[in-house]
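The listed protein sequences derive, respectively, from chains Z and W. Residue 221 in the numbering used here is what sits at position 221 of the first sequence, and the numbering runs on without skipping anything. Residue 149 in the numbering used here is what sits at position 149 of the second sequence, and the numbering runs on without skipping anything.
Wrong hints could be hidden among the right ones.
The calculated DSBU-like cross-link candidates involving lysine-lysine, where the alpha carbons are at most 35 Å apart (straight line), are [claimed, not checked]: (1) Z:K60 x W:K127; (2) W:K69 x Z:K94; (3) Z:K37 x Z:K132; (4) Z:K245 x Z:K159; (5) Z:K245 x Z:K37; (6) Z:K41 x W:K184; (7) W:K95 x Z:K94; (8) Z:K3 x W:K95; (9) Z:K246 x W:K122; (10) Z:K108 x Z:K13; (11) W:K69 x W:K127; (12) Z:K41 x Z:K13; (13) Z:K240 x W:K127.
Keep in mind the hints are simulated off the structure, nothing from the lab.
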Amino acid sequence: MLKRRIIPCLDIKDGRTVKGVNFVNLRDAGDPVELAKIYVKQGADELVFLDITATVENRKALAGLVERIAAEINIPFTVGGGIDTVDDVAILIKAGADKVTVNSSAVKRPGLITEIASQFGNQCVVVAIDTKPVDDEWIVFVNGGRTPTALRTVIWARKVEELGAGEILLTSMNNDGTRLGFSIDITGEVSRNVNIPVIASGGAGSMEHFSEVFFNTGCSAALAASIFHFGEINIPDLKKYLMNKKINVRL
Amino acid sequence: MIAILKYNAGNIRSVQNALTRLGCESIITDNPTELLNADKVIFPGVGEASSAMQYLKERGLDKTIVSLKQPVLGICLGLQLMCRYSEENDTECLKIFDSDVRLFPPVNKIPHMGWNNFLTMKGELFKGVALEDDVYYVHSYYPEVSSCTSATCDYILPFSASMQYENFYATQFHPEKSAEIGEKILRNFLEL
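Between the sequences and the hints, there should be enough to build the whole structure, so can you do that?
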């Protein structure tokens with residue numbers, strides 16, 4: 001049986017992880033590769049690295065980091081942040097990334113999704129969608145959640161599938177950082193309306209939140225950052241908990 | 001020396017990284033002589049079937065691959081190209097395995113992406129691997145079960161997770177991305 005995936009997300013700034021980390025056995029808490037290795041050992045199913053600075057100069061540094069990650073990590077990983085063109089993607093894939101995420105640039109120019117998919121395959125394109133309700137309607141936001149668009153979330157999700165996305169990373173902005181749980185309603189709705197995997201993101205605060213989102217929605221994976229970085233939930237405990245709740249995960 | 005076949009597919013580098021982690025030297029090449037002289041050959045790949053076949057044919061690599069006598073390991077698209085035929089853009093393949101490659105029916109999420117265990121398995125590649133062990137898949141097309149099938153996996157329907165015919169071995173999953181279990185399978189191949 002296909003397993004539900006647990007995906008830690010690492011924010012990268014100038015080649016270092018930002019947001020504190022709290023691992024006792026970590027020599028260098030700022031080094032993304034060191035942190036990634038710990039997650040792999042713990043049983044993370046995939047990793048996501050988001051470059052939150054994402055300028056042209058940083059792109060080359062990021063490619064160097066991706067090469068180091070690819071050399072040391074034996075599970076799939078996704079890289080994102082500021083990808084505007086197929087050339088940006090080519091650099092990251094060549095460095096060893098398995099997938100890339102696009103967000104604002106895909107809203108600005110939806111053809112980018114098709115361009116990446118036709119050159120590197122659908123499986124390579126993860127479209128990140130940041131969303132929150134405005135007047136009872138879930139809409140898509142861009143620019144790191146600062147700018148609302150006219151796009152309705154479910155309609156955009158179906159559109160990105162049609163354009164060639166292999167997966168959707170859906171972040172519920174109102175939940176993000178709250179630790180009050182994933183947004184079940186929009187995650188469920190998007191998941192029902194597309195036939196590609198959906199990664200739930202935003203709001204993880206406890207193990208119950210993971211079982212809730214897996215039990216109540218068709219999402220294929222759940223992503224979180226701080227609760228893993230601070231060691232509040234460790235992945236082996238989380239996976240045992242989910243198995244006990246009859247949710248299939250890789251042990 | 002292990003030769004990794006260079007062609008217009010992604011993911012080639014990660015195969016080399018995985019071999020390096022296992023302490024094994026490798027070259028990435030499309031030179032027929034280097035391929036023919038290697039101890040083992042890996043035919044990796046993530047990509048699209050028809051353009052990959054066309055690339056191989058234009059360079060005569062299709063003939064080189066089928067003439068290889070040493071152990072060969074196809075991975076993902078590599079496996080699919082070793083089959084008879086792929087529905088992906090109506091592609092005639094290398095016809096090493098007696099199986100066709102079909103698009104998953106859309107009754108569940110496609111691609112089949114993530115970690116999945118085995119229904120059945122046999123053969124040297126799976127020494128020390130258990131049916132409940134998970135390996136990483138990402139694919140929208142699946143190889144049918146045939147007489148060359150050496151392991152099966154269930155997603156929407158049972159399909160070939162691994163195939164073997166004479167010196168040709170292949171996996172639909174990505175051993176190079178499948179953590180310790182994947183490393184075990186790669187090591188089993190390297191020890192053939």
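Now for the hints, and whether the structure bears them out:
1. With a CA separation close to 42 Å, the supplied pair K60 (chain Z) and K127 (chain W) exceeds the 35 Å bound.
2. With a CA separation close to 30 Å, the supplied pair K69 (chain W) and K94 (chain Z) stays within the 35 Å bound.
3. Only pairs whose Cα atoms come within 35 Å are accepted, and K37 (chain Z) paired with K132 (chain Z) is accepted, the gap being roughly 33 Å.
4. Between K245 (chain Z) and K159 (chain Z) the CA atoms are separated by roughly 34 Å; this keeps the pair inside 35 Å, and the hint holds.
5. A threshold of 35 Å between alpha carbons decides the hint, and for K245 (chain Z) with K37 (chain Z) the separation of about 27 Å falls inside it, so the pair holds.
6. Of the pairs offered as hints, the one joining K41 (chain Z) and K184 (chain W) holds, with about 16 Å between alpha carbons and a cut-off of 35 Å not exceeded.
7. At roughly 30 Å between alpha-carbon atoms, K95 (chain W) and K94 (chain Z) fall within 35 Å of each other, so this suggested pair holds.
8. Distance check on the hinted pair: K3 (chain Z) and K95 (chain W) sit about 32 Å apart at the alpha-carbon level, within 35 Å; holds.
9. At roughly 29 Å between alpha-carbon atoms, K246 (chain Z) and K122 (chain W) fall within 35 Å of each other, so this suggested pair holds.
10. Taken as a hint, the K108 (chain Z) and K13 (chain Z) pair is honoured in the structure, with Cα atoms around 24 Å apart against an allowance of 35 Å.
11. Restraint check: the Cα-Cα separation between K69 (chain W) and K127 (chain W) comes to about 22 Å, which is no more than 35 Å; the hinted pair holds.
12. The straight-line distance between the Cα atoms of K41 (chain Z) and K13 (chain Z) is roughly 24 Å, inside the 35 Å bound, and the hint therefore holds.
13. Between K240 (chain Z) and K127 (chain W) the CA atoms are separated by roughly 27 Å; this keeps the pair inside 35 Å, and the hint holds.
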